[in-house]
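Here the protein sequences come in this chain order: A and B. Sequential numbering from 824 applies to the first sequence in my numbering. Sequential numbering from 824 applies to the second sequence in my numbering.
Rather than coming from a laboratory, the hints here were simulated on the basis of the structure. Fair warning: this is a prediction, and the values are worked out from it, not measured in the lab. Just so it is clear, CB atoms sit at the ideal spot from N, CA and C, and this is done for glycine as well. One or more of the hints may lead you astray.
Stated by the list, open to error - Only part of the chain A face toward chain B is listed, based on derived beta-carbon distances under 7 angstroms: (1) R884; (2) R906; (3) S1012; (4) T1013; (5) L1015; (6) T1016; (7) A1017; (8) R1018; (9) T1021; (10) V1036; (11) V1066; (12) E1068; (13) P1069.
2 protein chains.
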Amino acid sequence: MTPSLPDNQGGDGGTAWRRIADALAASIEQGEYEPGDTLPAAIVLAEQYGVHRHTVRQAFRHLAEQGLVTVARGRGTQVSSRRVPYPLGRRVSMRANLGRIGMIGSSRMLSAEVVAGDPEICEALALEPGTPLWRCEGLSLADGTPMGTGTHWLAVARFPGFDKVYRDAEASITAAFKAYGILDYVRRSTRLTARPATEREAALLRIEPGAAVLVSLAVDALPDLTPIHIVNSVFAGERMEMVVEPFGD
Amino acid sequence: MTPSLPDNQGGDGGTAWRRIADALAASIEQGEYEPGDTLPAAIVLAEQYGVHRHTVRQAFRHLAEQGLVTVARGRGTQVSSRRVPYPLGRRVSMRANLGRIGMIGSSRMLSAEVVAGDPEICEALALEPGTPLWRCEGLSLADGTPMGTGTHWLAVARFPGFDKVYRDAEASITAAFKAYGILDYVRRSTRLTARPATEREAALLRIEPGAAVLVSLAVDALPDLTPIHIVNSVFAGERMEMVVEPFGD
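This is chain A alone, in the form it adopts within the complex (with noise of 0.2 angstroms):
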C-alpha cells in the first residue's frame, strides 16, 4: 500500500535517464550508497555512462521525486534516509507509532515556562485569553536522529508542576498525562503544511537551514473530545512522512 512514485517523464527521449535513474536507484536499494551520501557529480556520472550531464540531472529529478535522494543547491545530490511512517490516527504518540515498526523512539525537553495564553491558542483549548499555560518544548528522535520538535501549550491549572512531569517523563506527553490521571487521550484535529526551516529547527533536527519541513498544528482531547494539549511539531521532511487511513482506525 506504498508504491513509491515512477516514471514522471515519459516519451521517446525517456529511455537514457530512466536506466542511469534505474541503475542508481539499484545502487541506492543494494547499499553502495548510503543515507547521507552524496551521488557523484552530474558531470562525472556523464563521463561514466556516456551521455549529456542534462541527462543524468533528469535522472536525479526523477529519483528526488520519488524521495530517494535530494537535491539542494550548492550540496549535491544526496542519498535520503527512508521516511519513517507515522500514522495520523485517532490516537497518535511518537514512541508508540515507532516501536510498531521497531524503531526506539526517545525524547528530551528543551524549555518549559509559563506564558500567558495567546488567544487563538486559548480559544482552541476552551479557554479565556490570557489564561496561564504551559509553553514547553521538546525534541523527538528515532533511533537516536532527530525527527521533530514540538511545543506544546497546556493548562497550567490542569497541569500543575507539568515541567517537572514533562521532564521526569522524558519528554513524553502520553507518560505525563499518566501522572495527571489521564490514561487515554485523543487526536482532535491535525493542520500539516510545509516550509523552509528556520536556523534553529535547522540545528535542533540536523538538517540544513532552508531543508523543507513538515509542520503539523494539532489538537489532542479528553475522550469526550474535550481539548487538552495543543502541539506544534516541526519535522524533518527528508526523515517523516505522515500516514492517514480515514478507514483504518
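With chain A fixed as given, assemble chain B onto it according to the hints.
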C-alpha cells in the same frame, strides 16, 4: 480551532523583537503588506525601530513560524498568502473543498499517456505488475493561483478513453469518474511529506525552485474499498495546509 503559532521565544530579551513582530503582523493583517510583497530588509527596519538587526531577524523568524512570511536566502522576507485549508476526510475533492470556503477551484490536464504499470503502483491498485495504466498529469488552481500538480494512475481496462474523459472533465477526477458510473469514491490512504520543489514543479506552481512542497501520495477507492486511483500530488507549502480531523467525518 485554528490557532496560529505564537511566542516561540520567551524571557526578558523578548520585548523588542516581539513588538516589531506584532507591528509587522498588524501591517500584514491590515493589508499594508500584501501576499508576495517583500518586507523591508532587516537593516532598514533595525534603523527604523532603533534596534540591532538581529532583533529584527528574530521578529522575522517569529513571523515565519506563524506562517505569515517566508524567509528565503537571497530573496528577503516575503509575505505569505493565507494557506488554503484542504480537509483530508473520507471524501476528498479539491473543487468541493475550495467551494466550501468560497474559492473557485479549477484544473487542467497537462498530459495523458498509457504506461506499463510500475510494480508498486500496480500492487497498490491490486493489479498485476505491468498492467497498462493511464498516467495523467493535472494542475489545480484556486482563484487562478496554482495550488498543486498531480500525477494520476488508473487502469486502462477499467477507464477506457480516460485521456479524453479527463480532459473534457477539465481535469476533475470526480467529474471524470461520473462518466464511468462512479458516483462516489473514498480516500483510502494519504501519505504526506515535505521536500524541496523540483524546477519543473516550481515552474508549474509559480514558486521558487527549492521552495518547500507538501507531497501527498493518495489511494482512492470505491465505497467497498477496492482501490481504483492513485495520485501523487505536489502542493505549494506556502499556499496549502492539509486538515485531518478523525472525528470530523
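Using Cβ atoms only, decide whether T1021(A) comes closer than 7 angstroms to chain B, and label the hint accordingly. 5 angstroms, holds
Would the hint on A1017(A) be counted as holding, given a Cβ-Cβ threshold of 7 angstroms to chain B? 3 angstroms, holds
E1068(A) as chain B interface residue, shortest Cβ-Cβ below 7 angstroms: With Cβ-Cβ at 5 angstroms, under 7 angstroms, it holds.
Classify the hint on L1015(A) as holds or violated, based on whether any CB of chain B lies nearer than 7 angstroms to its CB. This hint holds: L1015(A) lies near chain B, its Cβ roughly 4 angstroms from the closest one there, short of 7 angstroms.
Quick check on V1036(A) please, does its C-beta sit within 7 angstroms of some C-beta on chain B? Since the shortest Cβ distance to chain B is 6 angstroms, the answer is holds.
Restraint: T1016(A) near chain B, CB-CB cut 7 angstroms. Satisfied or not? 4 angstroms, holds
When the least beta-carbon distance from R1018(A) to chain B is tested against 7 angstroms, hint result: Where the cut-off is 7 angstroms and the nearest Cβ of chain B is about 5 angstroms from R1018(A), the hint holds.
Per the CB criterion, is P1069(A) less than 7 angstroms away from chain B? 5 angstroms, holds
Does S1012(A) meet its interface restraint, that is, does its C-beta lie within less than 7 angstroms of any C-beta in chain B? This hint holds: S1012(A) lies near chain B, its Cβ roughly 5 angstroms from the closest one there, short of 7 angstroms.
Hint validation: R906(A) versus chain B, beta carbon distance must be below 7 angstroms. Holds or violated? Cβ of R906(A) sits 6 angstroms from chain B, so the hint holds.
Using Cβ atoms only, decide whether T1013(A) comes closer than 7 angstroms to chain B, and label the hint accordingly. 4 angstroms, holds
Classify the hint on R884(A) as holds or violated, based on whether any CB of chain B lies nearer than 7 angstroms to its CB. 5 angstroms, holds
Violated hints are absent here; each numbered hint is respected by the structure.
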